[in-house]
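J.: Chains as they are written, first to last, in our numbering: chain Z, 16 to 343; chain A, 16 to 343; chain D, 16 to 343; chain Y, 16 to 343; chain G, 16 to 343; chain V, 16 to 343.
It is possible that part of the hints are untrue.
Same chains, same names: a pair is fine if it fits in one copy or spans any two.
[Stated by the list, open to error] Straight-line Cα separation of at most 25 Å, DMTMM-like style, residue types lysine to aspartate or glutamate; simulated pairs: (1) Lys-244 - Glu-161; (2) Lys-38 - Asp-124; (3) Lys-121 - Asp-27; (4) Lys-38 - Asp-27; (5) Lys-38 - Glu-181; (6) Lys-38 - Asp-49; (7) Lys-121 - Asp-180; (8) Lys-38 - Glu-219; (9) Lys-38 - Glu-243; (10) Lys-121 - Asp-46; (11) Lys-121 - Glu-161; (12) Lys-121 - Asp-95; (13) Lys-121 - Glu-94; (14) Lys-121 - Asp-158; (15) Lys-244 - Asp-49; (16) Lys-244 - Asp-124.
These are computed hints drawn from the structure, not numbers from a lab.
There are 6 protein chains.
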Amino acid sequence: MTDHGYASGRLDLPFVGISTFGKRPYVADWDTLDADVAVLGAPFDGGTQWRAGARFGPRGVREASTLFSFGHAGAYDHEDDATYLPADVRIVDMGDADIVHTATEKSHDNIETGVRAALRAGALPVVIGGDHSINIPCIRAYDGPEYSGGAFHILQIDAHLDFVDERHGVRHGHGNPMRRAAEQSYVSGLTQVGIRNVSSTAREGYADARAMGSQIISVRQARRMGLEKLLDSVPAGVPVYITIDIDAFCPSIAPGTGTPSHGGFLYYEVLELLQGVAGRNSVIGLDLVEVAPDYDPTGSTSILAAQLLLNTIGFIFHARGQSPTLVP
Amino acid sequence: MTDHGYASGRLDLPFVGISTFGKRPYVADWDTLDADVAVLGAPFDGGTQWRAGARFGPRGVREASTLFSFGHAGAYDHEDDATYLPADVRIVDMGDADIVHTATEKSHDNIETGVRAALRAGALPVVIGGDHSINIPCIRAYDGPEYSGGAFHILQIDAHLDFVDERHGVRHGHGNPMRRAAEQSYVSGLTQVGIRNVSSTAREGYADARAMGSQIISVRQARRMGLEKLLDSVPAGVPVYITIDIDAFCPSIAPGTGTPSHGGFLYYEVLELLQGVAGRNSVIGLDLVEVAPDYDPTGSTSILAAQLLLNTIGFIFHARGQSPTLVP
Amino acid sequence: MTDHGYASGRLDLPFVGISTFGKRPYVADWDTLDADVAVLGAPFDGGTQWRAGARFGPRGVREASTLFSFGHAGAYDHEDDATYLPADVRIVDMGDADIVHTATEKSHDNIETGVRAALRAGALPVVIGGDHSINIPCIRAYDGPEYSGGAFHILQIDAHLDFVDERHGVRHGHGNPMRRAAEQSYVSGLTQVGIRNVSSTAREGYADARAMGSQIISVRQARRMGLEKLLDSVPAGVPVYITIDIDAFCPSIAPGTGTPSHGGFLYYEVLELLQGVAGRNSVIGLDLVEVAPDYDPTGSTSILAAQLLLNTIGFIFHARGQSPTLVP
Amino acid sequence: MTDHGYASGRLDLPFVGISTFGKRPYVADWDTLDADVAVLGAPFDGGTQWRAGARFGPRGVREASTLFSFGHAGAYDHEDDATYLPADVRIVDMGDADIVHTATEKSHDNIETGVRAALRAGALPVVIGGDHSINIPCIRAYDGPEYSGGAFHILQIDAHLDFVDERHGVRHGHGNPMRRAAEQSYVSGLTQVGIRNVSSTAREGYADARAMGSQIISVRQARRMGLEKLLDSVPAGVPVYITIDIDAFCPSIAPGTGTPSHGGFLYYEVLELLQGVAGRNSVIGLDLVEVAPDYDPTGSTSILAAQLLLNTIGFIFHARGQSPTLVP
Amino acid sequence: MTDHGYASGRLDLPFVGISTFGKRPYVADWDTLDADVAVLGAPFDGGTQWRAGARFGPRGVREASTLFSFGHAGAYDHEDDATYLPADVRIVDMGDADIVHTATEKSHDNIETGVRAALRAGALPVVIGGDHSINIPCIRAYDGPEYSGGAFHILQIDAHLDFVDERHGVRHGHGNPMRRAAEQSYVSGLTQVGIRNVSSTAREGYADARAMGSQIISVRQARRMGLEKLLDSVPAGVPVYITIDIDAFCPSIAPGTGTPSHGGFLYYEVLELLQGVAGRNSVIGLDLVEVAPDYDPTGSTSILAAQLLLNTIGFIFHARGQSPTLVP
Amino acid sequence: MTDHGYASGRLDLPFVGISTFGKRPYVADWDTLDADVAVLGAPFDGGTQWRAGARFGPRGVREASTLFSFGHAGAYDHEDDATYLPADVRIVDMGDADIVHTATEKSHDNIETGVRAALRAGALPVVIGGDHSINIPCIRAYDGPEYSGGAFHILQIDAHLDFVDERHGVRHGHGNPMRRAAEQSYVSGLTQVGIRNVSSTAREGYADARAMGSQIISVRQARRMGLEKLLDSVPAGVPVYITIDIDAFCPSIAPGTGTPSHGGFLYYEVLELLQGVAGRNSVIGLDLVEVAPDYDPTGSTSILAAQLLLNTIGFIFHARGQSPTLVP
């Protein structure tokens, strides 16, 4: 089959082809993972308190990520005069964790298994939610032999504190993950950025968060601090796990989410925070949650999520000197 | 306050006023229910296997129901030359059962409590889902002293059989309710109408359903049978509980649902079936499920649900000679 | 009915329950109003000159307001370290004023009656439009014995001046309300903020407005002035009535309106203006108009309106020391 | 400018060009009308009782009508083996009647003026609503010297009877037009087809309609009658004015309307009725109302309206032997 | 990695996982194809004359196809009492043909290459468009050694005749494919079903089609004929290539397409035609075109396409006695 | 016809009337053009690499432009205290260039013919795309006797560099226009503003652009420069052609486009740049491209485009002292 036009390569326009993350290879057998970055979908939205729909987040973000595939090798950014994600940063798509409807714990366990598989392979886990409750199994996956990087800090970018301990017996909904994370011995602290307005966390939750080592920063506070001070809220020299709730952003660019909250961040504010952290700290994991494509009629939210993930992965490996090994 | 225009009554156009079901009174205290019909919302959609969103079904159907409120006393139908739902049919809106995210059983228990309250008050329970799993607590509510009508038949109007026993431990999702119902001693049989295409129930489920007393009728089979024969599939003289999954309908008029399935019923087919059953059997309860307003950009699905419910309640009480007591 | 889970209280998630404003009680009989805040819907949109649809504004804002109900007592804001809207701020929903299609004056009269009822009860009237013409009857309601606070200033937050006197006989459309207001003896002046671009008011209208005591401030002018100077444009010590046209905001967050206009305010700009005014002046009434939910596919506009109203009511009563009596 | 590709004619694809009706010439000066068919927009929707938006009906139908312009001369229909609308059927677009917001009567008067202008020119008036209240001025325009065809019958195709005399003073809303028409001495009778379900007309309205010479036929009755009998409900030898409310159709194909009603007509049912009437009776005027493009996300409703209008005009002039003079 | 829940298999709910067609394996290297069915995307829509968007058809249909994946082996249809698509029918997804924007011929050549690859592998080519022009390269691919089945008949299910020879030089747009097909020596005839209303083919095109061996059947004609006679329009004993333009269907269920046309087929009409043909003739190829997901807000059209394709493939291999070899 | 209400003029609300640009006259015969501004639609989108749909840009922008028509003479801007576009600025709508599907060059030629016609008439060409490839024929039209202004500079406002020379033979897609422009001898330089993120132009394209005289400025760079310095990037005293890709803007206000890119400009940033250039340089032509109304559910993008065009035309003629002659 050497005589046709494909022999000289595909143009591979963005709208062409199967929607894996960044059009990268799909690896169904997690025992054979061999990559620098392993992207896992976690399509669980049973933890939501307003609109559901984040179960289609992984598919939505995957398709949006193909918009940034023009068939070039790497992604040239003229502002930084850098080509991110050259061919030697090997990204694979693990597909999705298996989800069991009506069964929160089983679904979470399956997500945890996926993250452990990525860690075991030495790949950076990048998890696409799903609602924010899927951060719970993501963090749990770092408690065993698959991860050897030591205690880490969590940078949460979010509109909501998500620090409810328990209400009506609920401990694993999308209002609980940061509390669950803070309880882990290997989580050394939290920086919670973008927090604003009324949410499911009551006054007590804020007090608890601060008592458990959290620094809480609103959008306006972050703006007043400036990027440098904001970056200082993440301790130097400590590995960092980043969790991004898309509702941290202004609904003007991220309407496709369960619980939009006005007054959120604009694009560059978060992009520069992520670029800064990637340059200062070793990033050991990443999740991006609460993208609900069915509430995103223009595609803006999924495109935002895809832009952020591709850029952040680029920043991380650029900071590593493109060296593909994950040694936190 | 006697000198203003309101003294002579409101015009009360459909778009005006609080969206309770049919603009009927809201009764928050279920201990004080005194009505012929008690409408309960059951906004649980944790049992879905494709699109969620039925949690907004009760609100969507309530708002759509106001379209049929033009401030007249009763609803005149020129085809039947009858005025349905005269003032002496007392309908109240109970509001919604309390839902606990991530907790299927708790949510179901709360729905069951609501249905029991309606039955205790002697009112016809009319439950608006939520996904089809909410039929499980609805049926459970008939096992105690609140209901004294004896064994009853279930008429299910649906695209899917919903007869899965258990998969990966799931027994209370939206693929299971008819199996759970058939297991009850006080359910004497099922008529399952509209069933078509591939679904979550595999071949074994169909065999089990038939073995447990179910008659399964597809859309095309129903059309070939004609209305009279179709009505004969519901035993005479037996109380009937009706459960309507909106996906029984053709997606052309009911796109706003979790798992649309082509080839469904058109409007009059179901309307006449309901009118027929209401005329022949004593209807002891009713639920309508799987309306997901966020997938219903034109409002067609919610309007269909509202039309069906208002008409069916009208038919039931017309058949009772408008007598408002529920004595099955 | 003491043995079920409801005895210990509901979780009452945002998506659960009847959509009254903030899930507060609905009071249909306006003679029995006993509240600090009385919310009235004014679903009239016959005054529009581009897209209609504001008739569904009250319902849209009501439903969006339930997003901020997580079953907590009060709304904790960590930036202000304050809990707004504690239980002793009694808010009720009056439902909607009766609207008569094709009859502007009758509809306006019915709205006026509702505002008078709120004032008579000593409650703060909060009116949800409808198009901006509904401000006309709102202001008219302050001319009688129901209100005894003396002359007041109007703070209008809007893209358009709405100061047309008359065109083709039209004096009560949505381009006329500020002219009608300025004509009242008990209106001491206007601050018109956010005004920009081409609109239905021609050059003469601007001259007239200034001549009749109005200060006109564009978005860019407001930004150059800064918050303090902007607040100074509202005279100290004078009661203030606030009218918010949602198109004052940038279409990026408020697309769901009749006549969107680019270059509008962002969220905090208006929020801080409202917080400032609530802290400096006695607010005697409030309307928010031109939310058209059918042009708001993501819900962003209704959510914005609900956030603004809940916050502003909170600011007003926080400033009053939570004291619930309306004595301007 | 004779040397470019346009010299040999345009391909003129449907998506190219200004959206006049059928891409026909726009005649702004109604004193110079010289045509067989004059299309007038009547963008008034102040008479609606549920969703507004029909004000954009004329623009929506115009744009949809361009879909049927492939640059051919005439429209070949292989089923009839006929080419409709050959070049000698001269259609012009009059643009819209001037509408005055908040002023029903003024707006109606302006519509009436437009229809009179069409009649005066000897053209067949084809009016695109707007809500159904615009039929009132359309019918009024036939009372003077512009029309000399004598008493005529009205064929209404609609879901709703629209026969309310007066409620709360309203006599010119979209629930009143058929009553207003029946009151005219020159209207000899009505055939009302498609009427179904609950509407703004109460039982008394039906009795009045029958007493005033109306024959009321539901969708199911029409189907049982068959086309021939249905056609017989329109008296032979009498001029006919046709008024089509798009909600006569099933919401499956016409969701973009103010008050959708399930159980409506499918496409061929109405098409064949129109073709039959055009073949049997002299059609002296036509309006099509209640298309609300903003509730028509797929364009289906506007396309339906455009197909119907183009086909019906074709049928009318085909029946006239293509002779372009309007002599009823 | 043997100790986790995945060891016992996935539940694999429809919303979980990468969107290949039917969740079947993706084979990027077309030289290694080894399958019974090879699904190829042809995302070219440069041939459209109204709305574009069919370039996203392959992705839309792929995602919709996952709705029918509930993790069962095969698809049980209770009406036929048959399990279609058992494990031994090996379906693979080839991904998409490479598309070059602004270059129709190059894009078509790349599609042709893909179909040839499928044929060479002995697999049934199933091509998802893309606009109908992609049928041109599909048919061209049968002219060489990859296909040895001899002359074949084409069954086109479509609203439009697509038989334009040339206009303004265009010969490979979506109005031309059936003309191009009829010109091939190895195409023995055409049956064109569903043709109706005005389209890009003028009167001459119809005459040409008949002269070149085509039988043209409208929707109403097909209904009058009945299924058996309709099936007789496809010659017995001849291999058949099937091309389905989704606009053959009524816009009520297939609005998401470039040029919707009212009066189209309903679901069972086409399903039974396809089932009949699959049972009588050897089907040697299949394309389904003109699905434009961005005009399909409810997903109805993509779901219809997926249902049709999965069912038709099932019928074809059921008729072959599940025997997986393609020997026409 | 002097006795009706139209004699005294129309109110001419925005939603009334045929959608030509700004409700200005449509001139079909380009040989008779006599205007200061000639607006041409160029509905070609065959050059797109992600979403198509810009073919409906001209119609969408035209309709949106009617929102700014309130029947006043001129557009009063209170910030500038100026009335723009007084009656003596004569704007006409040329309709659309003829487009030939599948034929990029023919379509481009037809666009070029239209621009030449405008130039020949001494009118300012204002072209509404279509995708950005339509800039190619726009620029080509300045190479002949129709334009005598000498070499000019291009100001491009865009997210993407569009400087690809050739890929897979494509030289006239929407990623190529600036390269094609830079190749012209009469283009003296380019200022490319708003460029950001990954796009179809690889690193080499940036180097080439700079080598060919281009200054590339990102959004963040433009913000850091400030308006004055940004304006300085356009050489003084040189005629300027402006090309605006709507994706230069933040997707929050311009989601309705083919390839949205986060981090774009807000409204005033571009407005003030355009006002500045119009005041400093002679503007000889203008195109605005990539508005895709079908991805713009709220209308925000079309309204933005219409506001920009009307304002920019106003600025240009205000700077000319309203003098209507185009003498660059």
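J.: Hint by hint, note whether the structure agrees.
T.: Results of checking the hints against the structure:
no. : hint              : result
1   : Lys-244 - Glu-161 : neither (33 Å within a copy, 54 Å between copies)
2   : Lys-38 - Asp-124  : between (27 Å within a copy, 23 Å between copies)
3   : Lys-121 - Asp-27  : between (39 Å within a copy, 13 Å between copies)
4   : Lys-38 - Asp-27   : both (10 Å within a copy, 22 Å between copies)
5   : Lys-38 - Glu-181  : between (40 Å within a copy, 23 Å between copies)
6   : Lys-38 - Asp-49   : both (17 Å within a copy, 23 Å between copies)
7   : Lys-121 - Asp-180 : both (20 Å within a copy, 18 Å between copies)
8   : Lys-38 - Glu-219  : between (45 Å within a copy, 23 Å between copies)
9   : Lys-38 - Glu-243  : neither (35 Å within a copy, 42 Å between copies)
10  : Lys-121 - Asp-46  : within (21 Å within a copy, 38 Å between copies)
11  : Lys-121 - Glu-161 : within (20 Å within a copy, 36 Å between copies)
12  : Lys-121 - Asp-95  : neither (44 Å within a copy, 36 Å between copies)
13  : Lys-121 - Glu-94  : neither (45 Å within a copy, 35 Å between copies)
14  : Lys-121 - Asp-158 : within (18 Å within a copy, 31 Å between copies)
15  : Lys-244 - Asp-49  : neither (37 Å within a copy, 50 Å between copies)
16  : Lys-244 - Asp-124 : neither (37 Å within a copy, 50 Å between copies)
Hints 1, 9, 12, 13, 15, 16 from the list above are not met by this structure, while the remaining hints are.
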